[in-house]
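Protein chains in written order, with this note's numbering: chain Z, 478 to 755; chain V, 53 to 163.
The set of hints was computed from the structure by calculation and includes no laboratory data.
Beta carbons: idealized from backbone N, C-alpha and C, even for Gly.
It is possible that some hints are incorrect.
[To be verified] A few chain Z residues facing chain V, derived, Cβ under 8 angstroms:
(1) A531
(2) G532
(3) G540
(4) L610
(5) S617
(6) L677
(7) Q680
(8) Q681
(9) R690
(10) T691
(11) D702
(12) E741
(13) A743
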Amino acid sequence: MLATLLIVFREVIEAGLIVGIVLAATKGVAGRTWWVCLGIAAGVTGAAAVATFAGQIAGLFAGSGQEIFDAAILLLAVTMLTWHNVWMAGHGRAMAHEMKQVGAQVSAGERPLAALAVVVGIAVLREGSEVVLFLYGIASQGGTSAAAMLIGGALGLAAGAATTALMYFGLLAIPAGRLFGVTSGLITLLAAGMAAQAVLFLQQGGFMEYLTRTVWSTSWLLSQDSIVGRLLHTLVGYNDSPNGAQLLVYAATVLIIVALTRIERARHPNRGAVARAA
Amino acid sequence: MTRISWLAALILAAATALPASADDAAPIAVTLKDHRFTPSEIHVKANMASEIRLTNADSTAEEFDSSALHVEKVVAGGANGIVRLRPLAPGHYPFMGEYHSGTARGVVIAE
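Just chain Z, same shape as in the assembly (with noise of 0.2 angstroms):
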């Protein structure tokens, strides 16, 4: 039962931290809890889809099949979190205003928030595919009984909504006004970490086998498999021993989400000007 417990709190704890995000990124935005619902709901069912499939998808692209999958989604991610954050850049500070005077909740339009539901269920769908193909291996394998199994699985689960709920809160005990900055930070070092993982599942699927050579190691340091590691690599993507390759994308990553977002707030000078005044 331990083991799953750990398994399972492993892989819901990096998809808990990234729906505490979004969450505290949508703060008294209408609407945000149907999305965020809907992005779980669509993670988990394509997690069912893609552990069932697992075999298939691997066999794909000559063998490649899985790595591009990985590769793709997290792209498809990074691509949500930028659109995210380029749109809160043009129209956020506005938002937030009104939302300090009325003391309610603002409609944001719906387009960032399907954005950041999409980054949610992807991001369910990853973790979640492992753990579902773990499960199973188990099961089928009858040593442990089902239901040590599943109160192992249900426990990971609750630790892991703990996990996303102490990212919340912890990130609404930051005042207001400083909250969107933030947020916005922590979104922009999120989609590079992201950026950077997808470059190490294209070459481990035989593509882009550029710069693969390791550049520095800080192994000694923080190792990636302690739980400190693990965390700074799906929040901010820390990498103990990156390559060339992942170090340019993101920087390349982190550059052109903060070069979009000036280009954006720049069309919208009134709307920031009213922010700043408040």
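Since the structure of chain Z is provided, determine the placement of chain V on it from the hints.
Only chain V this time, still in chain Z's reference frame:
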């Protein structure tokens, strides 16, 4: 602009890591049976890319997982998969089957 100089340093560091030379050596065959890897000790040449051809002889899926090697590869039961290893500095790189980490353990030794 400290940010720009920081980025320049990063890009320079990345560029000094040379592209991996394509390795034409045959993949190293590893079998997973009863949730154990055979061989569990895999020797590769240091600083050369290499490949492991993992045959999963068990009926359930397994994930070849190694943070040291930066590999996460799911291989379905009864299937096989290629695990590509980047050029490695000499050293020991442990790996495991994530779903049965009690027994499914091994190490890649680059020398």
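*Could you tell me which of the hints above the structure violates, numbers in ascending order?*
Violated: hints 12 and 13.
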